[in-house]
Structure formats: structure tokens, C-alpha cells
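> Chain by chain, the residues run as shown.
Protein chains: 2
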Amino acid sequence: MDERSQRSGYSRSRLDRTANRRGDPAWIAQALRSARFLLFSGDRPLFRISDNPGPDPLFDAGTAQRFDAGMDRAVFLGLDGDTALFAAPVPGDETTFDAEGIKLIDVRSVAVQGLVAPALLGPVAQAKSLLDWHARHGYCARCGASTRMADAGYRRDCPSCGASHFPRTDPVVIMLPVDGADCLLARAPRFQPGMYSALAGFVEPGETLEDAVRREVKEETAVDVDRVTYHSSQPWPFPSSLMIGCFARAVSRDLDPDPREIADARWFSRTEIGEMLNHRHPDGLFAPPSMAIAHQLLKSYVAGETIF
Amino acid sequence: MDERSQRSGYSRSRLDRTANRRGDPAWIAQALRSARFLLFSGDRPLFRISDNPGPDPLFDAGTAQRFDAGMDRAVFLGLDGDTALFAAPVPGDETTFDAEGIKLIDVRSVAVQGLVAPALLGPVAQAKSLLDWHARHGYCARCGASTRMADAGYRRDCPSCGASHFPRTDPVVIMLPVDGADCLLARAPRFQPGMYSALAGFVEPGETLEDAVRREVKEETAVDVDRVTYHSSQPWPFPSSLMIGCFARAVSRDLDPDPREIADARWFSRTEIGEMLNHRHPDGLFAPPSMAIAHQLLKSYVAGETIF
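Going down the list, the sequences are from chains W and E. If you count by our numbering, then the first sequence holds residues 81 to 388, one letter each, in order. If you count by our numbering, then the second sequence holds residues 81 to 388, one letter each, in order.
Just so you know, these hints were derived from the structure itself, not from any lab. Honestly, I wouldn't trust all of these hints.
The list treats identical chains as one, so a pair stands whether inside a single copy or across any two.
Claimed, not checked - Derived SDA-like pairs (lysine to any residue); straight-line CA-CA distance at most 25 Å:
#1 Lys298 / Ser321
#2 Lys298 / Gly161
#3 Lys298 / Arg87
#4 Lys379 / Arg307
#5 Lys379 / Thr309
#6 Lys298 / His375
#7 Lys298 / Arg329
#8 Lys298 / Ala268
#9 Lys183 / Leu112
#10 Lys298 / Asp231
#11 Lys298 / Arg101
Work the whole structure out from these sequences, hints included.
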């Protein structure tokens, strides 16, 4: 099955999440003993570096314990066949692990460089979002008391006021406005020189995806779009977004970019987009790498998959 | 433009959010003086009851002040033409407002009973989600200190650790598994007797919308689905979800419902669905009301809009 959402990085997972196991502490405790682990130092997973079979982010329970992994903070990712996969934080930094032949590699590089099989990128994103959420949500937003992890990592409970808190996933629309044979891309000030990408922004309370697309395009470039069609979605663990990729039909062309967010916005021809995807644009302009949903939107656009 | 997402309740808004104004306290302070207000007692908006022009949830600034509305907690919803619209909490309950000819009406009833114009339901949902978020997020999840509202209601800042917190919007998939001419609906234990609706569940960290659909259908009914297509989205302010409606192609039919979430699950023929939408099913079964995205999914299904 060729599914558009499977084309981006972090979108594929070989795990069965078996959510019904999360609330069974005895099962989780038993599973931890023979589990494999993704271990994170801060927001970076550990990789054992070797030429064969290549960089490996999966560690056994003995190694996890030797590295002093926080087993009480381990989150259950799911079953990989019969093997339970967890993610856990470890203390230490580069210097701690260097002597072990282990490197810390940021999650973006893991995807861009293809350091793990595509079906393990989903679990890496899942682990990064969950561990990051726990690290930044140790207190109850309702009453300020310390909270504690529950449900194998999918909830935090407040012993003081009784509130339950759940990991957040922030929906973000990312869209390609299309006007005939041209499409609209922009650069944020932080981008590498020469890179243009799709416009994007958080969905706000009380709006549909389609309204969010129209609002963001208008706010960022002053362009009006009407019809919006869904393309695909992608987990984006920085820290916990769900990118929702769309095409949008432009009904105006004049650009007035918001200088706080946009360094430059431009209409590109289909031919140029093809060149940018392949790093052959005459001016050296280029698009995000294939792991990014923006790349997949552009690739579909060049292939004529845009439908309104 | 007939957009599927505009067919559900809470999906239409006549406001221009003018997000660029939020960070300008002087502009906001000025706007508050001549604004109109949605006023909430707890999670219920106030309505001035009259036969002509009908129940009215919009109050002027003088009335808002007379009701002791929390102006320092007013959130900016957007511009309705030249008029700024805010939402603010007020103290008091039914008995306080009864003498004023004002009723508190829950947000669900506002939509089901069509008490306001469709284009005001979006702002009501926006107000409900934002006020509820502030009411339940007075403390910093990172350090436990008290936070304060910023950006006219779209951020909370922690003066202690410097963290910024943003309103959350939780993506939820809601889906109709389809097998030929049949589709799968279920009842939760809390439903009114006779009502069946679409399966639904929260998107988890690290998964695509499509994977979330497949996981939830499998977890709740044991049915396998493969292809997933997007139908529409709907803001669902209970407290702050974004419903993302999909069709899913079923590749198995045997049902094994999860008793913790599902009281009954059944395959229905297209004919039965038509009867349920119109409250003419011979066994008295029925579907959710037209403001619900589940209703709109079913209506599209009966109309043959299902596409894989």
C-alpha cells in the first residue's frame, strides 16, 4: 500500500503499541526485564557506533541498567514482535559515553542521515516526544504540585488535586498554496541560505484545519487561498507536533510577507521545484530533505498529484 | 464554496483573528473598551433570553463590567467587522443571573439547539477552549510556580523559570470503517439508548493520522482497516479537541469490542444509516445530530462520497 503519510520521516513504525498493557504494572515490570531500550541523554538518543551492522540505538536491559537508566521513568513504546521496546532517560553526556564507543545523535540527524531503518524512525519520534513531555511536565498545571508518571508513560497524575495530565500532540498545518503552475514557498530567517519550504503554523483552538491553512497563509504572506485538500500527516517530535500537510488553491498572488516570521516568500514554477528537489536549481535554491513532509508535498506537486 | 468541514457545528467563524494584534497591550486595552463579550460562568456562556431577536450571547463592555467580568483574564477572539470580540469569565451562577433574564446554557446545547448563528459557533468554541485552558493551567508544568496570561490569552508565561505555555489542541481521529455497502458504528456505555456513532480516539505522540485510525479501530473492535481517507475536521471544545474525520477501508469483519470503551459495535447497511440519520430506523436506533462530525461522515457515506 502506497500511503502518502508513509513517505515522510518518523511516519513509519514497526511497533504494536498494545495500549491495553500500559495499565498493568505487573506486565510492564516483567516486560522491562527482557526489553530493548532507546536511551536518551537529554533529547538525543544513544547510538552504539559500529560499521557492521551500523549505528545501533537499541540496548538490552543489562546495558540500560549499567548506564543507570531511569527505569521508573521508562515509557513503553510497544511490541516489536515478541520484544517489548521502552525508552528511558540516562544521566551523562558525550564524555560519559565516548569511552563506550557510543555517540549521542540528535533526532533530526537520525532521520536526515537515515541512521536507522524507516520503521524505527516512528518509535524514535514517539520516544523523543514522550520523554521530552515528562521532562517538561513534572508539575501539575492545575495546582502546582509534583506529579508522577502513570500508565507506563502515557499519563501523569497529581496526588494533590487528583488531576490527570496526558502527553500533548500539537497539530500544525503545513501547506503549499498553488496558483495554476506556480506554488508559494518561503524562507524563515533561521533557514540555511538557499532553502525554501512550505508555510506552516499551529492550529488554534476553535478552528478547522482548513481555516487554519487559510489564516496562516494570509497572516504570513497576505495571499488568499480558498480550497484546501489534505495530503498527508507526519509526526514531528520537536517537541511534539503532528504536521498535517495540505494543498491550498490560491486566489491572489501579491505577496506582503510578515517580517517577523518570513525572510522571503516567492512563487516558484513547477520546473523550478523539480530542480530544487534535486539540488539543480540554477541559483542554488533547494527544498527540505526527503524526510520532511514539505519535500513530499513538493514531490506530489511536481508529479501532478495536486487535486482541488 | 461547499467545504465538508463547514458542515459540522463549531466549524464556522465570522471572526478575523488578527493574531498580530495580540501582542500589543495598548491596542488590546483600547479594543476592550468598545468590545463585545462572550461571558462564561464556569464552562457555560451567558445568554440574554428574549423572543426577538432570540437568545443573545453577546454583551457590551458596560454589562461585562457590571457583571464583574475578569477583564485581566479576557481573551481576544478576533474582529467581527470593526468590532472586537472577547471572551471573559464572570463570577456567579444561575441564581445570580436569573433576575437579569439571563440563562447559562452549555456549549453542546448551544450547537444542538442552534441557539446562535452557525458563524458564531466557532467563536463560542474558541472561547470555551481558551477560557477552560486558562482555568486549568494556572501553574507552570515545568517548575510549579504560578503563571500569568500573555498575548491576549494565547500564552501563559512563568515568571519563575521563564517557560512559555501555549493553549493545547488535542487531535482526535474519528472514523467510519467501511466494508462494501456496510459501515461500522459503536455505542459507548454513556450514550443515550439507541444511539450509535463513529469510533474515535486521541492521536498519540509519534503516529500519523492514518496509523491512529488503524490502531483505534483495531483496539476498540478488533477490525483491520487499511486505506484511510480524510473527510473533514471539526473543533470540539470538550475541552479542546480537533476532531479529524476519516473513512477507513475495512479488510476484516469479525468484531471483538473492547468492553472498557464499547458497549456494542455493529455493521450497518447504507439503508439503515439513512434511516438512523432521519430517526426512522425500525428498531429506534439513531445517529448523532447534524452538528456532530459523525453525522456528517454518515451523511457523506449515504450520499456515496466515500472514496478510497
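> State for each hint whether it applies.
Going down the list of hints, with the structure as the test:
1. Lys298 / Ser321: For Lys298 and Ser321, both the intra-copy (22 Å) and inter-copy (24 Å) Cα distances are at most 25 Å.
2. Lys298 / Gly161: between (47 Å within a copy, 17 Å between copies)
3. Lys298 / Arg87: between (28 Å within a copy, 23 Å between copies)
4. Lys379 / Arg307: So Lys379 and Arg307 pass the 25 Å test inside a copy (20 Å) and across (21 Å) alike.
5. Lys379 / Thr309: both (16 Å within a copy, 20 Å between copies)
6. Lys298 / His375: So Lys298 and His375 pass the 25 Å test inside one copy only (22 Å; across, 31 Å).
7. Lys298 / Arg329: within (12 Å within a copy, 36 Å between copies)
8. Lys298 / Ala268: within (16 Å within a copy, 41 Å between copies)
9. Lys183 / Leu112: within (24 Å within a copy, 55 Å between copies)
10. Lys298 / Asp231: between (42 Å within a copy, 20 Å between copies)
11. Lys298 / Arg101: So Lys298 and Arg101 pass the 25 Å test across copies only (15 Å; inside, 45 Å).
Of the numbered hints listed earlier, not one is contradicted by the structure.
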